[in-house]
Amino acid sequence: MKVKQIVFVKSYKVSGTAITEVLMRLAWLYLRTIDVKWKSHFLHSGIYESSVAHKKINFDVLSDDHWNESLIQTLGMADALHITSLREPVDAFESLFHYVDMRDFYGVSSITEFVRMINGTSARINTRMNGKWGRNQLSFALGLPEIYFDSEENIRRFVKKVEQKFDLVMISEYYEESLVILKDMLRVPLLHVMSAKSNVRHNDSKAVLSHQEGSILSKWLKADVYLYQVFRRKFEKVLTTRIQQEAKKLQKFNELLFNHCQAILTEYEPYRSHPTIIKAKLSVIVSRRSDLLCKHFFAPIMGSIESEVFRNSEVKRIFQIKDWELD
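The sequence shown begins at 1 in UniProt numbering and counts up one residue at a time.
By construction, these hints were calculated from the structure, which means they are not laboratory data.
Treat the hints with caution; some may be incorrect.
Stated by the list, open to error - Result set (DMTMM-like, lysine to aspartate or glutamate): computed pairs, CA atoms no more than 25 Å apart in a straight line:
| # | residue 1 | residue 2 |
| --- | --- | --- |
| 1 | Lys237 | Glu146 |
| 2 | Lys165 | Asp64 |
| 3 | Lys237 | Glu176 |
| 4 | Lys4 | Asp104 |
| 5 | Lys183 | Asp104 |
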């Protein structure tokens, strides 16, 4: 892998957790040295931002839920590979609304009532739950100030800056294709970007919005909609037959991973009245190498692990992947 440093801006409900876990494993495989502890190589800046100690450490991978250009420069990572991920804004907001349960914060009983509220008032609801969740979440994470949420000129200028700063903008609806492009950029094998989306809701817990409700939300999320449309069009232009074929293979491998690892998965409700989601059961004690592999596919930051567990030969053996399937 030629790339030595990666910056990943992880927004909410856009496959960010799964992508973060892929980057963690790649850091273990290609960037980690035997004498350095894990968190010296992977930094969630929100955890360490108040400390000066991290400024003396050379981080290989920086993951943050908000674009912080000054911190990146302080860490000497301005020239790192910059990556982020986007998702269709209405779907992303609906998912976030229920994931963190925004009903009390906005004083509504449902997302349908919330849509009626924003449609019936001239006031712009720019306040953010806990200071971080709310309107135009994708643009906010990438650094668009809330005062510009309704300024088309500033939104266009902001999107141009994202184009200049980021080397790869992944699209959640093209999840496997995005990982194939990431794999190509990093020059790593396809199996090293295997992943499983674990932090997800059951389909029956997702709200179904009418066309009119979706249209109202789209207007309210105008910055995110413009951002997403620009980068989705750019993404679709680079899709080749080879990328799509490899994406189908990766999708198959990801399904093998999920089916093999169901034993260490559990359901839980992280927030009050929250729809049940599937997540790795981190407290489970595993001993077999195949189970250890599963645990670190779903929770790679937990403890240390020998990097050879992730070698192609080991992954192929455990998941019974044939060499010809990788051609």
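Taking the hints in turn, this is what the structure says about them:
1. Lys237 with Glu146: Violated. Lysine 237 to glutamate 146 sits at ~31 Å, over the 25 Å cutoff.
2. Lys165 with Asp64: 15 Å, holds
3. Lys237 with Glu176: 16 Å, holds
4. Lys4 with Asp104: 44 Å, violated
5. Lys183 with Asp104: Violated, because 42 Å separates the two Cα atoms, which is more than 25 Å.
Going through the hint list in order, the structure does not satisfy hints 1, 4, 5.
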